[in-house]
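Construct all of the structure, not just a fragment, from the sequences and the given hints.
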Amino acid sequence: MGGSNLFHRSLRRSGALDLIHAGIDRFNEATGSERYEPPTDLPEFRAVQRRARRYTDTSDHLERLFVEALQADPETVVELGVRGGESTFVFERVARLADADLVSVDVDPTTYDGDYDRWRFVQSDDVAFAERFADWSAEHGVDPAIDVLFVDTSHEYEHTVAEIEAWFPHLAEDAVVLFHDTNMRRVYRRADGTVGLSRRADRGVIRALETYFSCAFDETESFVTVRDGFVFEQRPYCSGLAVLRKLPGDVAENYPDL
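For the sequence shown, the residue numbers in our numbering are 5 to 262.
Derived from the structure by calculation, the hints contain no laboratory data. Just to be clear, a hint being listed does not mean it is correct.
Here are the computed distance ranges between Cβ atoms for each label pair [unchecked claim]: (1) Arg30 / Asp103: 38 to 48 Å; (2) Tyr120 / Asp254: 33 to 43 Å; (3) Asp45 / Pro260: 39 to 49 Å; (4) Glu48 / Thr215: 32 to 42 Å; (5) Thr215 / Pro252: 36 to 46 Å; (6) Asp254 / Gly27: 48 to 58 Å; (7) Asp119 / Ala220: 14 to 24 Å.
Below, a list of computed lysine to aspartate or glutamate pairs in the DMTMM-like style, where the Cα atoms sit at most 20 Å apart [what the hints assert, rightly or not]: (8) Lys250 / Asp147; (9) Lys250 / Glu79; (10) Lys250 / Glu237; (11) Lys250 / Asp29; (12) Lys250 / Asp178; (13) Lys250 / Glu177; (14) Lys250 / Asp139; (15) Lys250 / Asp206; (16) Lys250 / Asp232.
Idealized CB from N, CA, C, for every residue including glycine.
In structure tokens form, the structure reads like this:
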């Protein structure tokens, strides 16, 4: 990670990064097609649609995050990794609709300024916070069973493995888990053909999931499968998004080796 950041800083200091971004902007203007926005009568979803018009490394996934979280009818949503709050914007609206608690965790401060009174930002290492999450939840009146868990942090293999080990025991029986950056490339492509730059280009997140599920995945493909009590869906665009849904109780009871 240090070498990647050093390379990025060198490009920025030389001015080459500005030229690269300018070239990408011109390419996207020529390539991008007008985004289709299906009609909706839900103002919160309309706000997410508008947010997704802005090209970012998560813009392809915002609507999906909203729908997956909303369908979970959550009482507790936990977001690991906040930065400027693109995903927080989505989950805040879901939490308001569902009358749920939203807990956002990041080792760094966030610039996001939410106005939902049941949103709590915790500045902490997320793995360390997981160890005291049950006690913290009791202190703050939050249901410790997590219905929606979103992971978008360091993207490093060892850290992601630790996050899975630390946070999966807190999942509710019918939880949905979403991992961003499951298809990291230095230059990533969005569904409309536009591209963006990433600071990293490795398999840290998807490799951690391969370790958990004891199998190999082709993260460049769009696929859905069933493995170890989860429905696992991979969307390769925009640095990748994996959606894991826990199987219902009756099905899980009859699942092999569970």
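Mind listing which of the numbered hints don't hold for this structure, in increasing order? Structure breaks hints 5, 7, 11, 14, 15.
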